[in-house]
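Protein chains: 10
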Amino acid sequence: MTKIEMTEQIIVAKKELGLSWEEISKKVGLGSVFLTSACLGQNSLTKEPAKKLCKVLKLGKDVEKALIEFPYKTWEKSIPTDPVVYRFYEVIGVYGDTIKELIGEKFGDGIMSAIDFSMDIDKEKNPAGDRVVITMNGKFLPYKSW
Amino acid sequence: MTKIEMTEQIIVAKKELGLSWEEISKKVGLGSVFLTSACLGQNSLTKEPAKKLCKVLKLGKDVEKALIEFPYKTWEKSIPTDPVVYRFYEVIGVYGDTIKELIGEKFGDGIMSAIDFSMDIDKEKNPAGDRVVITMNGKFLPYKSW
Amino acid sequence: MTKIEMTEQIIVAKKELGLSWEEISKKVGLGSVFLTSACLGQNSLTKEPAKKLCKVLKLGKDVEKALIEFPYKTWEKSIPTDPVVYRFYEVIGVYGDTIKELIGEKFGDGIMSAIDFSMDIDKEKNPAGDRVVITMNGKFLPYKSW
Amino acid sequence: MTKIEMTEQIIVAKKELGLSWEEISKKVGLGSVFLTSACLGQNSLTKEPAKKLCKVLKLGKDVEKALIEFPYKTWEKSIPTDPVVYRFYEVIGVYGDTIKELIGEKFGDGIMSAIDFSMDIDKEKNPAGDRVVITMNGKFLPYKSW
Amino acid sequence: MTKIEMTEQIIVAKKELGLSWEEISKKVGLGSVFLTSACLGQNSLTKEPAKKLCKVLKLGKDVEKALIEFPYKTWEKSIPTDPVVYRFYEVIGVYGDTIKELIGEKFGDGIMSAIDFSMDIDKEKNPAGDRVVITMNGKFLPYKSW
Amino acid sequence: MTKIEMTEQIIVAKKELGLSWEEISKKVGLGSVFLTSACLGQNSLTKEPAKKLCKVLKLGKDVEKALIEFPYKTWEKSIPTDPVVYRFYEVIGVYGDTIKELIGEKFGDGIMSAIDFSMDIDKEKNPAGDRVVITMNGKFLPYKSW
Amino acid sequence: MTKIEMTEQIIVAKKELGLSWEEISKKVGLGSVFLTSACLGQNSLTKEPAKKLCKVLKLGKDVEKALIEFPYKTWEKSIPTDPVVYRFYEVIGVYGDTIKELIGEKFGDGIMSAIDFSMDIDKEKNPAGDRVVITMNGKFLPYKSW
Amino acid sequence: MTKIEMTEQIIVAKKELGLSWEEISKKVGLGSVFLTSACLGQNSLTKEPAKKLCKVLKLGKDVEKALIEFPYKTWEKSIPTDPVVYRFYEVIGVYGDTIKELIGEKFGDGIMSAIDFSMDIDKEKNPAGDRVVITMNGKFLPYKSW
Amino acid sequence: MTKIEMTEQIIVAKKELGLSWEEISKKVGLGSVFLTSACLGQNSLTKEPAKKLCKVLKLGKDVEKALIEFPYKTWEKSIPTDPVVYRFYEVIGVYGDTIKELIGEKFGDGIMSAIDFSMDIDKEKNPAGDRVVITMNGKFLPYKSW
Amino acid sequence: MTKIEMTEQIIVAKKELGLSWEEISKKVGLGSVFLTSACLGQNSLTKEPAKKLCKVLKLGKDVEKALIEFPYKTWEKSIPTDPVVYRFYEVIGVYGDTIKELIGEKFGDGIMSAIDFSMDIDKEKNPAGDRVVITMNGKFLPYKSW
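Residue numbers (full-length UniProt numbering), protein chains in the order written: chain A, 1 to 146; chain B, 1 to 146; chain C, 1 to 146; chain D, 1 to 146; chain E, 1 to 146; chain F, 1 to 146; chain G, 1 to 146; chain H, 1 to 146; chain I, 1 to 146; chain J, 1 to 146.
The shape of chain A in the complex, shown without the other chains (with noise of 0.2 angstroms):
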């Protein structure tokens, strides 16, 4: 079973199950980026939650297996075209080399690592309009010399 198939049964799964990605990951217990960009094929789970899972989805082996496995990270080239997605490739070139300018400043020479990593997406309530919040956090890495 490849990815691309697992992450269609978990789909339909999750539609006929009527579960939010939210309750599917609060149910496993892991944070909800996380787990739905596993079951996106793009990061692997370990044996426990990947059980966990499928029981919650009710799915077979073959599923927990290709959530284990690990993914080939692949996507769209260059620009994507979807607007949600577009927003976010249109706020790294903006704000990439003022990024740049201030981990420099606060921490030295180095990356911030996008592995040692985590994400997550919030709602804040505003009378003006509801606003999205994205929070990364990833480990800083300096360059060595050697």
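Please note that the accuracy of each hint is not assured.
As the list claims (entries may be wrong) - Straight-line alpha carbon distances no greater than 25 angstroms define the calculated DSS-like cross-link-like pairs of lysine-lysine that follow: (1) K123(J) - K144(H); (2) K14(A) - K51(C); (3) K15(H) - K106(G); (4) K3(I) - K14(G); (5) K55(I) - K144(H); (6) K26(A) - K144(J); (7) K14(H) - K61(F); (8) K26(G) - K51(G); (9) K144(C) - K47(B); (10) K144(J) - K61(A); (11) K27(D) - K106(C); (12) K15(C) - K61(E); (13) K106(E) - K73(D); (14) K106(J) - K51(A); (15) K123(H) - K144(F); (16) K123(G) - K144(I); (17) K144(B) - K55(C); (18) K15(H) - K3(F); (19) K73(F) - K73(H); (20) K73(B) - K123(D); (21) K26(F) - K106(E); (22) K106(A) - K52(B); (23) K3(C) - K73(E); (24) K3(H) - K47(H); (25) K27(I) - K144(H); (26) K123(A) - K123(B); (27) K106(E) - K27(F); (28) K15(H) - K47(F); (29) K14(F) - K73(D).
Source of the hints: derived by calculation from the structure; they are not laboratory data.
Note that the structure is predicted; figures quoted are calculated from it, not measured.
Dock chains B, C, D, E, F, G, H, I and J against the given chain A, drawing on the hints supplied.
For chains B, C, D, E, F, G, H, I and J alone, coordinates are given in the frame of chain A:
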């Protein structure tokens, strides 16, 4: 005076005065991400903060005027090479569809605005290595039908 | 049922019933540009108009569900080949900077929203050859500082 | 004098005189979109308006000549980075096939000319936020058989 | 029936009947370039010639309908590999600016229409090797000001 | 002297003397398409016409030498933005396979040479709007087997 | 039968009969480079060799017909990944301008035809390691003026 | 002195002395393809030939040094526009897989080296038109297993 | 059987037997990098190891034959998305010119062969986090003059 | 002083003093790969080694400062043309998936860091031709779940 010349003069003045972006933005009374992005030519300032900034950095009227002009936002097309900037591009690639799923689930069909938007960059102390914390906050805009 | 299968079923039904987009959108009570774009899979409908549309076109529950799902908007990257679509691309190329200048002059630093947005397509009778009239109407979103 | 030098001189003169594109185009007697696009080097003026424009902006013969020359229309290839311009690109992406469907339905097989074409940009007052209204008007050109 | 299936059926029928494009277009009463391009799915036919063509090639109603539909013109993006097609691309590359200069000189600021347009391909007998003669004929469209 | 400097000197001289490409090519005794393309640096002249051209335009020995040098033909890669040039690109896109079919039918397997090649641009008077007539004439080159 | 299906049948037959391209081309009476390229769908055969080839490989009428059809030559765009093919691409990159200089010097302004062209591939025995010898032979085509 | 400046000085000296690449390479004692490529900055010379070349062309020490430096080989990416160079690119496109098949058949799994490599360009007299003969000679390098 | 089908069968067999690449390559008697790359279709095996491998994995004759065939090496063009592979791409980007400088300094003008080449991947135990050690070993090939 | 100017001054000083990168890095007390990459502007030095390096090369304070600044790492996008650099790109292309398989097998799901990373380049004497040995050593970073 173009935005590029403006940025060069600001960088030189900043180095000579030994000020950080953090310190400058506090004196001007704006967030450091926003202030830095305006100095790098990716956002415009209104009259008052432009004046204050030039006073802090001992720069002339032409820099003040250039800060106020509306920028043509531009950035490295396709894929950035610098590892600091690239890691954020990778994050959007890996988590783009996850973000879309979860915004859809929490808010309905629509996007996070990249215009009515703010960003903060913080340092989280950690004995296993300090962590970079990025918070993005953007208004949710629902698609309208007509 | 994917959005692509949904579009195929709608196109077949529309031809068999001999209805135009104009007629369908009147029966459903939505603008023809918006209704057509939803049928082509680029916008989602809410429950009521999805139901009405399926009744008009004598289509089943699965089409109704597919119309309600949030689309991943996608289109021909880089430059379209079809002359109808390309001419609009050319218009944005030739007049893009002009539009930016005049929006800046009339509204301040900001953009026209492509989300809080509507569009109409009309026919202007003219003895020297009829004319296509496209009207776009989008909310102005000012850049905010923080 | 190249079109680029011409544009630079016009922008400088415009700022010094404190005139808007709107005001300049009224004095010259042309639409503001057309006049601005000619000043940005994307359209040519005929002799009379070129003369008038140079008188309004107190510019010399060489600018007048440059305004009359036929431009090589050129623009940022692939995808523009500035959010103002990008949103229009996104609109064409999302609604391109819809436009094609509806022009076909209302006019037959053919295109909207981008040459025998005009455009207006207006401001619609709205308590929930002002709106940008763009009107495009182009001759319908039917494909001919032979 | 898609345009692609339509083209396949036409090519098969043409081979079986041993007819050339030249012969088919004479029987239908249209130019061979136009007729061939419609059979390859790049132009639409009106009702009468579509009927005649299907009679000549002994094809059914569905082919007739597909011939009448408005095509989404599409072609190999960037640079074609086949030497026959590439040589024309090279010709436009080498002589493009020359064509622009001479159309400007003879007609004023404007373009040759690719819509109100016809093309012929002829064979010129020559003892040193026969020659291909392509004639393009398109309406001149002047840019309008407003 | 590079080909680019040569072209600049020729354009300046041509404007000062108020001559059209048509008039210059008649005085030199060459076709206007060929002569213009050589002046724009895309073809080389032999000694005699180079001399004549410099006499007509009152230009020096260095221009004469530059005209004789073999050019490195170069042009805007991918897709041209100017509408005049783009329309020809569109024509090749729409009719490329048709041209291949008809050359194959009339001549056999082979190509139209873009080297042993000439082109003419004419104006056809027409009350419904004048027409641009382009004639291309190239030697047929059959593929050889060995 | 498409050219692709034709190539597949030929490859299978060749393996089953244990014949090399060298042996097949000798039996057919054509050069091995040309014969192989025709079998891979990049050149067409005339009637006689197509018949002979099918007899040698015990293949049917449909393969014979497919061999005779004029191919749409197509290849991996931009840069090939396979090292064997890439090295030739590199050779053209490194020596392209050198070839242009020396052809210009020896023949005048013009090109080597890729149509009236043949190629041979030989093995040169060498104790320090055998060597590949490629010989290309193409007609010189001078640019003509008109 | 950069390689580019070196090439410019060599080209100027070569024209003033009226020498061909053929003549220069004979005086220096190297093949004309190799010598020309080194003068164009795509290969390096060892000390002796660099000295001789500068003597022949009456050039100074700095040119000699620049000839000895190891070049960063660079060329027009993607697809060259000049017809002379393009035709070789087309040849590799059309015959690339054929070359791979025949090298595999004659030598085993491996490549022709583009480093341990030489090339010659000759003129073959022919009453039907002279022919360009290119001979490439490269060491076969077998893939090794380990 | 294509190389892709071969790889699929090998992966399935490997999972069922619960063998690692390390274990398989020891049984076959080849390096694990080389063996894995051959199983993934990027290198060919000679007869003996192909036979052994199929015995170890209990696979048939057709897999054995497919392993022996010379591969057309192919990979994700431009920039890989998976972070594991991308990091190596980044390493070549950052250190490419450094590698060129140091190879030039230590060996002279020439390259490291990617054909007469081997690679090993090892694990270095480290209390601060284990480390990946990659060793590449390729023959130096000097450029030759002629 | 930009990094580019810094590199130019270092290269000139290095040539005048006749020092190799190897010798310079020994005097400064850093690895030659790291030191060279910092001199080419792809890594930053801390204060002490920057001082030492400028002393060794007899360069001023501005070079010292430029060495300390954090670089914006940048390189030739898409595919490098120089054969030395390209061969490494080819190695990553051919062995990328193999590396991913074996790192996954030996370490689990994660990547080799390109930041906590070092590289060495050595010469292995060999009678059949010396060999280039590249050793890369990077920390393994496991993906974390949250």
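Hints and how they fare:
1. K123(J) - K144(H): Holds, because 20 angstroms separates the two Cα atoms, which is no more than 25 angstroms.
2. K14(A) - K51(C): The hint holds at about 23 angstroms.
3. K15(H) - K106(G): 16 angstroms, holds
4. K3(I) - K14(G): 18 angstroms, holds
5. K55(I) - K144(H): 23 angstroms, holds
6. K26(A) - K144(J): 18 angstroms, holds
7. K14(H) - K61(F): Holds, because 19 angstroms separates the two Cα atoms, which is no more than 25 angstroms.
8. K26(G) - K51(G): This hinted pair holds, its Cα atoms lying about 14 angstroms apart.
9. K144(C) - K47(B): Holds, at roughly 14 angstroms.
10. K144(J) - K61(A): 23 angstroms, holds
11. K27(D) - K106(C): Roughly 18 angstroms separates the two Cα atoms, so the pair holds.
12. K15(C) - K61(E): At roughly 15 angstroms apart (the allowed maximum being 25 angstroms), K61(E) and K15(C) satisfy the hint.
13. K106(E) - K73(D): 19 angstroms, holds
14. K106(J) - K51(A): Given that 25 angstroms is the threshold and the Cα spacing comes to 24 angstroms, the pair holds.
15. K123(H) - K144(F): 20 angstroms, holds
16. K123(G) - K144(I): Given that 25 angstroms is the threshold and the Cα spacing comes to 20 angstroms, the pair holds.
17. K144(B) - K55(C): Holds. K144(B) to K55(C) sits at ~23 angstroms (cutoff 25 angstroms).
18. K15(H) - K3(F): Holds, at roughly 16 angstroms.
19. K73(F) - K73(H): 21 angstroms, holds
20. K73(B) - K123(D): OK: K73(B) and K123(D) at ~23 angstroms, within 25 angstroms.
21. K26(F) - K106(E): Cα-Cα ~15 angstroms, so holds.
22. K106(A) - K52(B): 24 angstroms, holds
23. K3(C) - K73(E): 23 angstroms, holds
24. K3(H) - K47(H): Judged against 25 angstroms, a Cα distance of about 16 angstroms means the pair holds.
25. K27(I) - K144(H): 19 angstroms, holds
26. K123(A) - K123(B): Within the cut-off at roughly 23 angstroms; holds.
27. K106(E) - K27(F): 18 angstroms, holds
28. K15(H) - K47(F): Judged against 25 angstroms, a Cα distance of about 17 angstroms means the pair holds.
29. K14(F) - K73(D): 22 angstroms, holds
The earlier numbered hints are all upheld by this structure, with none contradicted.
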